[in-house]
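Chains as they are written, first to last, in the numbering used here: chain A, 1190 to 1537; chain B, 407 to 544.
Keep in mind that the hints are not guaranteed to be accurate.
Said to hold, decoys possible - Computed spacing ranges between beta-carbons, pair by pair: (1) Ser464(B) <-> Gln1308(A): 46 to 54 Å; (2) Ser464(B) <-> Leu1461(A): 50 to 58 Å; (3) Phe1513(A) <-> Thr414(B): 54 to 62 Å; (4) Arg492(B) <-> Glu1230(A): 53 to 61 Å; (5) Lys518(B) <-> Asp1231(A): 42 to 50 Å; (6) Gly422(B) <-> Arg1341(A): 27 to 35 Å.
Claimed, not checked - Only some residues are given here: those of chain A computed to face chain B with a beta carbon under 10 Å: (7) Arg1477; (8) Leu1484; (9) Gln1488; (10) Glu1491; (11) Arg1493; (12) Lys1494; (13) Val1495; (14) Leu1498; (15) Thr1499; (16) Phe1502.
In case anyone wonders, no lab produced these hints; they're calculated from the structure. Positions of the beta carbon are idealized from the N, C-alpha and C atoms, including for glycine.
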Amino acid sequence: MAGAGGNLFDEIGRAARSIDAFSVFRVSLAGHELEIRIESEDLSAQLKPAFEHLETSQRDRQADLTITAFDRPPPEPLSATHWLSAQNHQTSQSVRAMDERGMLYIDSLTGIVSLLDAQSSQAGVWFGPDARVPIWIAAAPFLRVLDAFYIRNGKLLCHGAAIAKNERAVLIIGPGGAGKSTLAIRACCSGFDYLGDDYVLLHPSAGSPTNVFSIYRSGKLARADLASAPIAGLDIQQEAEDPTEKSYFLPNPESIRLLAPLAAIVQPQRRLIDEPRLLQCPASHAIRAAIPSVLSQLQGCEQRKVEILTRAFDVPCYQLHLSFDHRKNIAVLDRILGENALAATTDI
Amino acid sequence: MRFGVDKTRIAHQTIGDEAIVVDFQMGTYFSLRDSAAEIWELLTGSMPVDDLISLYRSDNPEQAQAVESEIRTFIAELVAANLLSRDESFFNVDPQQTPIKRGPFSKPLLEKFDDMSELIMLDPVHDVTEHGWPHKIG
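Only chain B is shown next, with the shape it has when bound in the complex (with noise of 0.2 Å):
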């Protein structure tokens, strides 16, 4: 299984050890930092969860089973929140290329912040149809 981005909602970026996710359509920021920033980045590079739980429990052999346990929890928190889709137009077809560098394994957290949402209600926009333009009465 994949997953990829819908970058008409979400933005993504990552700096040094911490990747911040920010849904801007309903005001919500995430903060997702060591091992939760390389796992949302390996995600994001369209790697397999499959391949990428391997890639973990081999990192950990002795916490294999907790450490997998760990990461499909934290996936599927990623779904829930919507920051992570199965649609495959979503999906990156062009993953970078430097290979991600993996630091010792800790819990992937998911921190949310919703301090933009009131922003966003005081000026709301709205895009009008699927592809961006209005469409004429009639």
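Looking at chain A on its own, in the form it has when it is part of the complex (with noise of 0.2 Å):
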């Protein structure tokens, strides 16, 4: 393994040098340094839009870890079809590999490879010559290499959305389609502050409350969402083509939060009933609705995974049916970050 390994992540460094980056901007993410290298003006105006609030002007130590962002394909020995993982590829099964230096993830949706090594705090992600990139990519650019790094770094880089006020947030989680994003999204315009819509990264620490942090200014939204309901002051960048497909936004700056310590976790459920309903759970009930998506959406590390997880639910969760009425769903929330302990209507 070393020797293929090896040989594989000294590509990052090779294809690294032989570049002049358009683009270098330092973000600054759960205290750790990132630098960004960015090969194209094309590309850099596609990925660099949702870490605009993470940017920092601290360069006075080395990077934790350097990304470069290639326009162009792979290097050969990167190549889908020069391995003999090359049948899954050719099947449309994406590619991962793992051990404690790094990570390789050949997505066979989009062509695009990621490749990161620990070891030397390096990754290389290469989007393809002309990359028009895919909404969900351009939202949570670099995805793979982040939640690889993090969680060597014992934080969880979670799929769920997260909203504070009053100095707290509530992670709010469920599978695709549960009205995550909707119900953040809703709320960041009616005066809460946003951390995400899709994915935040969960920070447990022994004795204090888990923190939450905005990895991407970004969000997403179905555009028959917003055409029932339209949000004032989104600033839309690229908007889905198909009516069934998400359009992908940036929320106003100015209620983007960066941190907040964890309160509580909400479940939303489409119920769609005229008042909202809240339910009480078990923190096992809310893991058991987490792990689906969470372990789905990111593989590897599963059981420092799980671990994070159940450290980070250690506080109230509840399930929410939510009303057709968006007003109403977001009062539930404001009760829930209110200076009282809210009882909720019935436990389960």
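From the two separate chains plus the hints, produce the assembled complex.
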């Protein structure tokens, strides 16, 4: 493995040295300094907006991780067709390899190749030439690399939305289509702070609440959702061509919050009833609801992820049956994060 | 006889009186409560099955035979579900030193949920060799 992996890892530095990056910037995320280098103007325009809220001018120490984004195909040793794994690739299955040193991910759907070398603190992501990055990638760039890097540092990249008020955050979990983004975005437009609508970083620490960190400034909403009840002030970056797909937008920068302590977990369920219903549930129920999407969205290091998830979920957990009236749903979130402890409608 | 957990397929964690066990290759999730969670903790801490059964027999002298039978059935279910392995390489070499609190014995049950499997099939990912890295053709 060392031989094969070592050769692969060498490709990051070799490729990075061969380009003159158009855009180089630093972001500070959960105590780590990341340097991001993007090869071309076109790629930078697509990827950089998601990180603008994390940008820092500090360069007083070496970056903890340097990520280089290439506007070209991966070098030959990283081509899927070069490996026995091509059989998986040709049947539209992604290829992942991971060990203590690093991670390789070849995405069958987009052709994007991500490689992390934790030993040299370098990562490379090859998007292909003239890449028109899909909406879900532009809204969450370098997802695989960040997941593999942060889990090695005791932090979990969690599939879920998060909002905050009164210095406390709610994590909104559930499978795709559960209403996470809609709830988070509408809350953000009603005075809540926004940490993310699809992925956030969780960092439990002994003796203090788990911190929730914003990773991406971006968000995604279904066109149908936006059409049924428009939300003012959203900066739409890419509108989905298909009405069933999601559009990519940037929330108002003033509503972005970088970090908040976790106070509660909410699992929304689309019931479209008159009055929203809040049910308190045991942490194990919430963990069971979160695990499928957390583990299936970003695979690898599952034991560590389950450990972090169970530590983070040591807060009140609720199911929220959503009303068709968005204002009433937001009012429930307001009660959860209010000054006084909340009594749920029913325990389950 | 001892058992271990194949961590390339199984993740587990105990919270309070419930052990959560996830087979992330098959997309199945198991909930083990009360005595089932205790037994899981003891087995994955490398306690030999005979020692574990002696422990529960001595805790429940009046129902010793029934308790042993229920534990053996439960262990067989864990093995059949591929949650426990007899492979020595998976044995826990650094078991938790804290003694596991045992409550009143209740019939150990393995509750299975398979709502993860559909999600995993949406995004299939395959490790390409047993060591993780691809092998070059030829």
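Any hints from earlier that this structure breaks? Give me their numbers in increasing order, please.
Going through the list in order, the structure violates hint 3 alone and respects the others.
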